[in-house]
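Engineer: Single-letter residue listing:
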Amino acid sequence: MRITAAPHVVTRLDAWTRASVFLRSFAIQGSWNYRTLMGGGFGFALLPALRRIYADQPERLSEAVERHTQLFNSHPYLAPMALGAVATMEAAGEGPQVVERFKTAVRGSLGTLGDRLVWAGWRPVCLLFALALLLAGAAWWVGVVAFLVVYNAGHLLLRLWVYRLGLREGKGVGERLRQSPLGNVQRALPVVGAFLVGLAVPAAAAGRHLVAGGAENRPGGPWIVAAALAVIVGARFGARIRTPVVISLLAFAFLGTLVRILS
Amino acid sequence: MTWVWIAGIGGIVGLDATSFPQAMISRPLVAAALAGGVLGRPVEGVAIGVILELFALVILPIGAARYPEAGTASVAASGAYAMTAGGVVPDLLLLAIIFGLAWEHLTGASVRLLRRWNEWIVADAPRRGAVSAARLERLHLAAMAIDLVRGGVVSVIGAALGAWLLRRVHPLWSMPGSVVLGVLAVSGAAMLGAALPLFGGWKSRRIAFVLGILCGSLLLLTW
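So the protein lines, in turn, are chains Y and P.
The first sequence begins at 14 in our numbering and counts up one residue at a time.
The second sequence begins at 642 in our numbering and counts up one residue at a time.
All the given hints hold, so there is nothing to weed out.
Mimicking SDA-like on lysine to any residue, the simulated pairs with C-alpha atoms at most 20 Å apart in a straight line are: (1) Y/K184 / Y/A105; (2) P/K844 / Y/R200; (3) P/K844 / Y/L202; (4) P/K844 / Y/G251.
No lab work stands behind these hints, which were simulated from the structure alone.
Taking the hints into account, I'd like the entire structure generated from these sequences.
Structural biologist: As structure tokens, this is what we get:
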């Protein structure tokens, strides 16, 4: 029997089912692979809703499980939006083609938005905030705890907000997302990030993060100048500088051995 | 007990990186601090974590990109240092960081191997028979369990190998402590500068960046 669209769509999914889907969304990348990406995780997270919707229809449940374990990708923190929307659409009796088209349409945009907002925005900003605290002389655990608390406050709020948005809006969630304040946040984060990089530069150049190496060994004037120049080179070349710096450190380690052998 | 701690922290860190729950326990700063903390060297753990974090900051896990896994490598580096150093030793700090930067490529390879394995056990599962809801749950949880074990194993092997290497190399190594920390400060500063392009680079963010430097300099002078 086909489930027809109902006016009170979300009420069909009880609070327990909605909470189960949300909690499972934290494990959406648990079986990440190169073929279906997070497809298996999407099906796994959606299962409580599918079991509820197709409670007395084992064949339709199997068919839905098969559909929802196909290729899917998104940013993991924004995937709950797709899960919420798809749960609502399934509960409303939307046809498999409509649900599939929706998933195909959102996966690219959710991935791009999340990558910019979280991976290239919120996460480095929170890490730089923690690094700035440590460079300012905060106790070791303060920086670590501050990072985890601040970062995860934003992380959990984002997940919860997008999930509820998905549940409420169903297939119309894309339009609501475009009207959301996430764009403003996305524009503000790079400014804060650049400020925090600048804030950390003087202390990092002075070797404040190396107190564990002993105060008597703290780098002196020439090293501070070299570090300031290194910041400029780093800012010019970005991530491309990583491999040369690692190789330089390895070369320095060999040099240290050579010095010992020759002396 | 040390190995149990390293395996436990490594497992959690490995799982957190991708599978569950991505709460950033797997960041080098947190992972190295945790490992150093439980092994009695929290300050050195954080010092290792800060440098490895600066190197990891510029790596973005976008799409199916292949990248080193810094979290479990940080546990290994911090663990190796804690098991080798009896106190503050700048040389060992540097060598542990270099080891961490090398080991993260192996841990990254283990992640790629796991993803291939997941392809076989989860993505290929329909070829071996219908995937029921219960079977999907079992396969997904099995993949997560394997990731947990993987994290623990690469951390323990890394810490053991790292400690062995540090004990071997350190007696053959000689550099003044100030030079060692100077090199670490310069490399850390280069990687910190490399984070600026993440936020748009010098051209579009120079005002915020310079303002930050001014505030940072003022704070440094008032300490």
